[in-house]
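Going down the list, the protein sequences come from chains A and B.
Take our numbering: the last position of the first sequence gets the number 360, and nothing is skipped along the way.
Take our numbering: the last position of the second sequence gets the number 360, and nothing is skipped along the way.
Do not take every clue at face value.
One copy or two, either will do: identical chains are not told apart, so a pair holds if it fits within one copy or between any two.
[Stated by the list, open to error] Mimicking EDC-like on lysine to aspartate or glutamate, the simulated pairs with C-alpha atoms at most 16 Å apart in a straight line are:
#1 Lys297 with Glu315
#2 Lys278 with Glu332
#3 Lys299 with Glu324
#4 Lys299 with Glu313
#5 Lys321 with Glu332
#6 Lys341 with Asp269
#7 Lys303 with Glu280
#8 Lys297 with Glu313
#9 Lys297 with Asp348
Everything labelled a hint here was simulated from the structure, so no lab data went into it.
Given the structure is predicted, the values throughout are model-derived calculations rather than measurements.
Number of protein chains: 2
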Amino acid sequence: MIQTINISQKLDLFNEYWSPRIVGELNDSHVKLVKLKGEFVWHQHENEDELFLVIKGKLLIKLRDRDLWLNEGEFVIIPKGAEHCPVAEEEVHVMLLEPKSTLNTGDQQNERTVEAQWI
Amino acid sequence: MIQTINISQKLDLFNEYWSPRIVGELNDSHVKLVKLKGEFVWHQHENEDELFLVIKGKLLIKLRDRDLWLNEGEFVIIPKGAEHCPVAEEEVHVMLLEPKSTLNTGDQQNERTVEAQWI
């Protein structure tokens with residue numbers, strides 16, 4: 242079923258932080274939406290590049306050698322193997338694009354690990 | 242080089258319509274930006290699903306059985322093999338996500354066919 246997806250309406254459907262929801266699939270990838278607040282864990286994705294597009298708010302992505310800041314309407318692609326740690330001082334809404342195989346905590350499996358659900 | 246990409250700043254770099262520019266790559270895909278005005282050609286992509294995210298304006302995507310409308314902040318995924326024809330009554334800015342192999346006119350090669358360049 243080909244349908245228009247309204248990002249804002251989808252974001253209204255959940256409130257949990259750090260719990261990506263799947264809103265689309267294309268080729269081998271999922272489009273996900275996630276709400277972030279606070280600091281995540283350092284991790285990397287061994288085989289998957291990952292795109293972060295900020296829909297609302299201001300996101301800090303710490304890299305090992307520097308900090309990256311993203312405002313609304315900005316994106317970054319974190320290549321496979323690059324350690325990163327997302328930090329949201331205030332609530333941030335993000336669209337993610339990544340292979341279906343991608344786990345939110347990458348090479349780390351801990352209490353922050355969740356399996357994304359479709360909404 | 243991992244860097245923040247500002248969509249609006251990238252869109253300021255070109256004015257041609259129907260001429261997608263590459264602004265990122267991840268896994269087997271390109272992230273592209275394109276400005277649309279007028280009607281395109283009917284086409285399909287035999288092997289590639291394609292995502293259209295409207296950054297500015299209002300986009301009509303004609304399908305063979307119905308019309309899809311997309312406003313700012315809305316996206317649609319056109320699955321491989323689905324014939325479609327994008328129409329922009331007024332100027333529309335779109336972010337595309339599609340495999341690197343994707344040609345803008347899909348299975349049609351004509352005067353609207355262009356090869357996307359990096360900006």
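**Message:** Check the structure against each numbered hint from earlier and tell me which ones fail, lowest number first.
**Reply:** 3, 5 and 9
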